[in-house]
Amino acid sequence: MSTSTDLTERVSADTSPRIVDRAQYGLAAFLVLSGGYVVYDGTTLGDAFADQPVQPWALSYAVGGVLLLLGLGLGAATARGDRAEAEDGEDIDLSGSTDVRTVGLLALVLIANLALIDRLGWAITGALLFTGACGALGSRTWLRNLAVGVALSVGSFYLFYSVLGVPLPAGVLDGVL
Amino acid sequence: MDLLLQGFETALTPENLLFALLGVLLGTAVGVMPGIGPAMALALLLPITYTVGVDSAIIMFAGIYYGGMYGGSTTSILLNTPGESSSVITAIEGNKMAKAGRASQALATAAVGSFVAGTIGTVLLWVLVPSVADVVVQLGAPSYFAVMVLAFFAVTMVLGTSRLRGFISLFLGLGIALVGTSTGQARMTFGQPLLADGIDVVVVAVGIFAIGEALWVAAHLRRKPLEIIPVGQPWMSRSDWKRSWKPWLRGTALGFPFGALPAGGAEVPTFLSYAAERRLSKHPEEFGKGAIEGVAGPEAANNASAAGTLLPLLTLGLPTTATATIMLVAIQSYGIQPGPQLLDSEPGLVWGLLASLVIANALLLVINLPMAPLWAKLLQIPRPQLYAGILFFATLGAYTVNFQAFDLALLLLLGVLGFAMRRFGLPVLPLIVGVILGPTMESKLTEALSISQGDVSTLWSEPVAVVVYAVIALMLVLSTVRGAGGRPSPAAVVPDGATGPDGIHGTARTASIDRVEHGSDRSIDEATEPEESLR
Chain A
1 MSTSTDLTER
11 VSADTSPRIV
21 DRAQYGLAAF
31 LVLSGGYVVY
41 DGTTLGDAFA
51 DQPVQPWALS
61 YAVGGVLLLL
71 GLGLGAATAR
81 GDRAEAEDGE
91 DIDLSGSTDV
101 RTVGLLALVL
111 IANLALIDRL
121 GWAITGALLF
131 TGACGALGSR
141 TWLRNLAVGV
151 ALSVGSFYLF
161 YSVLGVPLPA
171 GVLDGVL
Chain B
1001 MDLLLQGFET
1011 ALTPENLLFA
1021 LLGVLLGTAV
1031 GVMPGIGPAM
1041 ALALLLPITY
1051 TVGVDSAIIM
1061 FAGIYYGGMY
1071 GGSTTSILLN
1081 TPGESSSVIT
1091 AIEGNKMAKA
1101 GRASQALATA
1111 AVGSFVAGTI
1121 GTVLLWVLVP
1131 SVADVVVQLG
1141 APSYFAVMVL
1151 AFFAVTMVLG
1161 TSRLRGFISL
1171 FLGLGIALVG
1181 TSTGQARMTF
1191 GQPLLADGID
1201 VVVVAVGIFA
1211 IGEALWVAAH
1221 LRRKPLEIIP
1231 VGQPWMSRSD
1241 WKRSWKPWLR
1251 GTALGFPFGA
1261 LPAGGAEVPT
1271 FLSYAAERRL
1281 SKHPEEFGKG
1291 AIEGVAGPEA
1301 ANNASAAGTL
1311 LPLLTLGLPT
1321 TATATIMLVA
1331 IQSYGIQPGP
1341 QLLDSEPGLV
1351 WGLLASLVIA
1361 NALLLVINLP
1371 MAPLWAKLLQ
1381 IPRPQLYAGI
1391 LFFATLGAYT
1401 VNFQAFDLAL
1411 LLLLGVLGFA
1421 MRRFGLPVLP
1431 LIVGVILGPT
1441 MESKLTEALS
1451 ISQGDVSTLW
1461 SEPVAVVVYA
1471 VIALMLVLST
1481 VRGAGGRPSP
1491 AAVVPDGATG
1501 PDGIHGTART
1511 ASIDRVEHGS
1521 DRSIDEATEP
1531 EESLR
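Protein sequences appear in the order of chains A and B.
So that you can map any letter, position 123 of the first sequence is 123 in my numbering, and since no number is skipped, the others follow by simple counting.
Every number in my numbering is 1000 more than the matching position in the second sequence, counting from 1.
Calculated directly from the structure, the hints in this document are not laboratory data.
A hint or two may mislead.
[Said to hold, decoys possible] Derived Cβ-Cβ restraints for the label pairs, each shown as a range:
(1) A:Ala147 x B:Ile1228: 38 to 48 Å
(2) B:Phe1008 x A:Val176: 43 to 53 Å
(3) A:Asp99 x B:Leu1261: 36 to 46 Å
(4) A:Ala147 x B:Gln1341: 47 to 57 Å
(5) B:Val1481 x A:Thr98: 51 to 61 Å
For glycine and all other residues, C-beta sits at the position ideal for the given N, C-alpha and C.
Generate the whole structure from the sequences, applying the supplied hints.
Following this line, the structure appears as structure tokens:
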């Protein structure tokens, strides 16, 4: 198994010092910024009732403050060579680098869905979501995926409508479905 | 007793039996399927709570929980990659058995062991839930607040590989929980009126579990298919039975308390059970090469701890695993607040659930033993369609919360957060527990301080609270002492194998399996040391 040697190498690389995971500074900065925002948001809140022991801002200060400190702590740990253990799984091969293109395409598919769902309706966008996601993940059987996608979206539309009594948006197909 | 019989009446109605069956089948399917765990499956199924009655939904969810555990062991045995961290040992020892041509026996001892452990665990719940509920119902707000703080520490520290990362995750969750309206004022809403009611927990759970996972897998999709070991009908010979029954019982005895105390989920007891079996076995030389005891014990421990987690969930409203957390969300979505009052206010629901657990267990055994070869086929499902399907149902589930495209934008943002958490090794469980328990904690604190008219000393005025804070302090001290020596405790269980809540961490874990793969006994030897490191 070639992957196992890769893994062993990577693990030994994990433990060796002086390799700084620069991306982790980004996470630390995110934590500091969001912690700062939570505290700032807390300062905009007034007292609810004078006799209320836990005011709305109390938790904002506590949570935001701790987030800020954790961000600083993570930054310091990163500088000392702390590296993350990325999550593994059955379908995950960590020996390669991040496949930015696939993730970006999937994000585009999700954004297209949320932009169009109210206009075109779930029966259409759901099918496109499934087909698009299959394509982004490397499947080339477009027609079959589209057929499955339509079956899923129209099927879920009717399932929600008739069995669960919840109408999903019909969009342009209003009156057709 | 009467209540239990009534519970069986609830659970045995044809409708609820059907839901139990559905849950068990669905749970096993998602447990076997790579990429989907029981927690994600429950998150995707939360819309079902809009129309199905509360007892049916909970019975089905319990079936999915147990079924997911069972299905996960099938994957570990046939694929040699643990889907959850609690299946690490099964992936080592069970896969060795499968490679040696004993896949059928490995599956059988896992299935029967799960049944034995689940049944004993459920009977223990019958005894313990009423008596524990009697005690906790007397807890005042200060004690309850202390217990919640303990739960935060427990899911954050005992499970995680890194305390820093655990706390980052917990406070991100608490931050998300701040969004909404607090005593009439908009808090953390970024001026967005759609956020005035807060971010729905369903959107958070689906975003973190499903979208985050799908994006993460997409970034690292394995292009070469994994080797799957073909399997026939599971069965065991007389000597297999003889070697299995004691490990089942010992595994149950180890697993249940770990699940019942909010103290660290399923992975620690599986390691302990493995170590114990190796020590007690008459065939220690077989360990690391496919000893049936090494599958029987840990699998029983795994399932017993799953049953155990229902004790704090039903009596205190405290979830200690990701799956239990989503069950809590489901119960809450019916306007029922799990907690000390639950058994008094909803006896039908609780006893119906407790009765249905036995039924779910029996169904699992009867249905799944003959179906094992069929389940194994699920491992070959094409990945693009699998993950596209996950995205499809995740979107559908999040959209049906409010029917707002805005929620889908939140879903994507949370999915990106879930992706980042997987990239940076942040455990998911503390975040989701923070989101759910954050508001409850704030209200308990307010309640306690209102009664005392702002006197903070009320927080340690009850003996239970004092004891709980002492336990937290002890945990902190222990983990600091151990942290100075290198790592926090659970990681020490398998020194080069990090364990995380519900399969959150794993690089080194797989590495430890791979070392075994190379024929080195080292990590197995190390795996037998947890007793020392946990004492």
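Status of each hint after checking the structure:
no.: 1; hint: A:Ala147 x B:Ile1228: 38 to 48 Å; in the structure: violated (27 Å)
no.: 2; hint: B:Phe1008 x A:Val176: 43 to 53 Å; in the structure: holds (48 Å)
no.: 3; hint: A:Asp99 x B:Leu1261: 36 to 46 Å; in the structure: holds (41 Å)
no.: 4; hint: A:Ala147 x B:Gln1341: 47 to 57 Å; in the structure: holds (51 Å)
no.: 5; hint: B:Val1481 x A:Thr98: 51 to 61 Å; in the structure: violated (37 Å)
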